Amino acid sequence: MSKFLEIDHISRVFKTNKGQPYVAVKDVYFEMKEGEFVSIIGHSGCGKSTVLNILSGLDRASAGGIVLEGREVLEPGPDRMLVFQNHSLLPWLTVRQNIGLAVNRVLRDLPKEERRRIIQENIDLVGLSHAADKYPREISGGMKQRVGIARALSIKPKILLLDEPFGALDALTRGRLQEKLMHICDEHKISAVMITHDVDEALLLSDRIVMMTNGPEAKIGQVLTVDLPHPRKKLDAANHPNYYRLRSEVVSFLDRQKQIKIERAKNKSNAAISLGNIEKTNLTIGYIPLTDCAPFAIAQEKGLFAKHGLDVTLSKETSWNNLAEGIREGRLDAAQMVTGMPLAITLGMGNKIPVPVVTSLTMSRNGNAITLSKRLQDEGVQDLASLKAYINKFQNEAYNPAMGMVHHASMHNLLLRHWLASGGMEPDKDVDVIVIPPPQMVSNLMANNIIGYCVGEPWNVRAVNDNVGFVVATDLDIWRGHPEKVLGVRKDWAEQYPNTHLAIVKALLEASQFCEPLENRDEVVLTLAQPQYLNLDPTYIRPGFAGPYRVSTMTAKYDQDFCQFGMGNMPSRKEHLWVLTQMSRWGLVNFPENYAEVIYNLLATDIYQQAAKELEIVIADEDRSPIALADGSVFDPNDPIAALQSMPYSRFTETSYFDPIKGFASKKVAVR
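In my numbering, the protein residues as written are 1041 to 1712.
Rather than coming from a laboratory, the hints here were simulated on the basis of the structure.
The model shown is predicted, which means the values in this text are computed figures rather than measured ones.
Keep in mind that the hints are not guaranteed to be accurate.
Subject to a maximum C-alpha distance of 27 Å in a straight line, what follows is the list of computed DSS-like cross-link-like pairs (lysine-lysine) [stated by the list, open to error]:
(1) K1073 / K1274
(2) K1273 / K1469
(3) K1653 / K1320
(4) K1273 / K1196
(5) K1347 / K1531
(6) K1298 / K1531
(7) K1274 / K1184
(8) K1043 / K1198
(9) K1301 / K1259
(10) K1229 / K1274
(11) K1428 / K1414
(12) K1152 / K1174
(13) K1196 / K1229
(14) K1152 / K1198
(15) K1043 / K1469
(16) K1469 / K1414
(17) K1220 / K1073
(18) K1614 / K1702
(19) K1531 / K1259
(20) K1469 / K1433
(21) K1298 / K1356
(22) K1392 / K1356
(23) K1073 / K1229
(24) K1073 / K1469
(25) K1653 / K1614
(26) K1058 / K1259
(27) K1298 / K1259
(28) K1220 / K1196
(29) K1320 / K1301
(30) K1073 / K1198
(31) K1320 / K1531
Restraint-style ranges between C-beta atoms, simulated for each label pair [said to hold, decoys possible]:
(32) K1274 / N1322: 43 to 49 Å
(33) N1317 / E1656: 19 to 25 Å
(34) E1656 / S1696: 39 to 45 Å
(35) E1112 / D1661: 55 to 61 Å
(36) E1115 / D1671: 57 to 63 Å
(37) Y1640 / N1391: 20 to 26 Å
(38) N1322 / Q1422: 49 to 55 Å
(39) A1211 / D1562: 50 to 56 Å
(40) N1678 / D1067: 35 to 41 Å
Yeah, the Cβ is synthetic: ideal placement off N, Cα and C, and Gly gets one too.
Please construct the entire structure, taking both the sequences and the accompanying hints into account.
Written out as structure tokens, the structure is:
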């Protein structure tokens, strides 16, 4: 992506009435290409207007800066035109004269007739020919906003800046103007940055949506690509299969920010309590309601957290993205994580600021499956080869078939992609692989938004029991014994609270050991079924966990290794290195040339070993042998770059040095 606009790590500090510094935004970084429409969304006080003011040149950043087409923005200029929420028209001038005010000032070197032509052209563009000679008092609020837009466009700015331009209008007028602006931007390839509070407006108009965290010290929390086709119409966009998935992501982010604001207020009034040598005892630990959250449920219900001096609140998160942001923002002390999440947060996956995370415990292994829609089974799909034949039918269609997974750094994503690739299907080219929160998998399958998904339980069993899907493969058919869920904490948190960290690991390690024996599984099932955890009938939890696993309405099989909790709990270097290579294989992160250092800093094996020693659990020697997958591929941890180069459909081309503070070096080292 060529750099048309670069918001280069800007921060803005104001002085309060008491002379204290107030950091409105901190280290905001974003790049934009020419012709792109970007919306900035967030709650009040998140720094949206601050960023726009700096971008327009009306304000200066305290640190960092704005670069537009290679030149730093230092002051207001005609290359950036701002459309305010208030139309800002001069009441003694007509529509034509208000637009002419900009044209005659900025383009005064042009011949008079040429300027008149430009003014009329922009009046026509916004559909105001009939009102060209009327005064602002004689036209409606929506028409006034169209004048403001025409005035901004008339001088051909490089970028159009919009500060909630439709916020003060009624819903009907707002809808009409949104479609008008969308048509103008599409037809004339206009670059635009817009501030809005309206989620649907952002989805309709934007190519990307920048979501801001709460202030103070607001930053970019997430950037969402709106992959809806152009040109767009409101009704067509709302009926697109991806629309409500995208909308859900934005709404979930905003809801999460609201919850963080509540938690911050609570934390100010509740100081952490210390007990003995435990630095912090009041903890909030995040988890996702899946079968493999069992160690958290058991540690809580059997008093294992309390036994080790901790008062834990388990926070049921709505998605893995929400959980990851909870760790990044400090809302959560610790969390259940998909295997690749500690690496993803550490490396700043998705153009985010790197936040070093450590993992000290592998809590579960296996437990996932790939479910396909029942309609595919009805069409003869029963294995990888027949799925490829089905996928081939869509080569000339407008949309690729899509499959769901839970997070880009999850084993669900990495194993699903590896499985598809082993069958001759290239992810993102032949099959779209998209993020869907686990509880929404079955509903998306039923709505035909996806043809299948890879997820943990109970969502595969749910599809089979409801006769809307069948299990085509489990992760035992891809990589038996892979790490599935791990414990993750921020590295700075671990350094500040080492004894608290140790206590969490001891409690969860005890719980994992309890969950492993088959004789305890029925008790664990009943615990998980409770409302505060999965809130499900045990019949949806037991298959594969404490009994036969149904892969279709007619077929069941049983493998007691399908869910493992007490096997191989110490974090493994070679396993996390495999995850890193797969993330690089699919272009999710650069491959760090100092990968050994990155993996070393990621794994808190010293904490695990101390916990295991105190609990008298045998510590196995690290296994450095290659990893063999079911398709015959072998990963040699001693030469990950060679492995990357040999993987089919690999998007890996180069390495770059990773610094835990600065992120990846801009200078990359080509791999030969």
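Each hint, compared with the structure:
no.: 1; hint: K1073 / K1274; result: holds, 24 Å
no.: 2; hint: K1273 / K1469; result: holds, 26 Å
no.: 3; hint: K1653 / K1320; result: holds, 22 Å
no.: 4; hint: K1273 / K1196; result: holds, 25 Å
no.: 5; hint: K1347 / K1531; result: holds, 25 Å
no.: 6; hint: K1298 / K1531; result: holds, 25 Å
no.: 7; hint: K1274 / K1184; result: holds, 23 Å
no.: 8; hint: K1043 / K1198; result: holds, 13 Å
no.: 9; hint: K1301 / K1259; result: holds, 15 Å
no.: 10; hint: K1229 / K1274; result: holds, 19 Å
no.: 11; hint: K1428 / K1414; result: holds, 16 Å
no.: 12; hint: K1152 / K1174; result: holds, 22 Å
no.: 13; hint: K1196 / K1229; result: holds, 11 Å
no.: 14; hint: K1152 / K1198; result: holds, 23 Å
no.: 15; hint: K1043 / K1469; result: holds, 26 Å
no.: 16; hint: K1469 / K1414; result: holds, 23 Å
no.: 17; hint: K1220 / K1073; result: holds, 22 Å
no.: 18; hint: K1614 / K1702; result: holds, 25 Å
no.: 19; hint: K1531 / K1259; result: holds, 20 Å
no.: 20; hint: K1469 / K1433; result: holds, 14 Å
no.: 21; hint: K1298 / K1356; result: holds, 16 Å
no.: 22; hint: K1392 / K1356; result: holds, 24 Å
no.: 23; hint: K1073 / K1229; result: holds, 11 Å
no.: 24; hint: K1073 / K1469; result: holds, 23 Å
no.: 25; hint: K1653 / K1614; result: holds, 23 Å
no.: 26; hint: K1058 / K1259; result: holds, 24 Å
no.: 27; hint: K1298 / K1259; result: holds, 15 Å
no.: 28; hint: K1220 / K1196; result: holds, 18 Å
no.: 29; hint: K1320 / K1301; result: holds, 21 Å
no.: 30; hint: K1073 / K1198; result: holds, 11 Å
no.: 31; hint: K1320 / K1531; result: holds, 15 Å
no.: 32; hint: K1274 / N1322: 43 to 49 Å; result: holds, 47 Å
no.: 33; hint: N1317 / E1656: 19 to 25 Å; result: holds, 20 Å
no.: 34; hint: E1656 / S1696: 39 to 45 Å; result: holds, 44 Å
no.: 35; hint: E1112 / D1661: 55 to 61 Å; result: holds, 56 Å
no.: 36; hint: E1115 / D1671: 57 to 63 Å; result: holds, 60 Å
no.: 37; hint: Y1640 / N1391: 20 to 26 Å; result: holds, 25 Å
no.: 38; hint: N1322 / Q1422: 49 to 55 Å; result: holds, 52 Å
no.: 39; hint: A1211 / D1562: 50 to 56 Å; result: holds, 54 Å
no.: 40; hint: N1678 / D1067: 35 to 41 Å; result: holds, 37 Å
The structure fails none of the hints (numbered hints given earlier).
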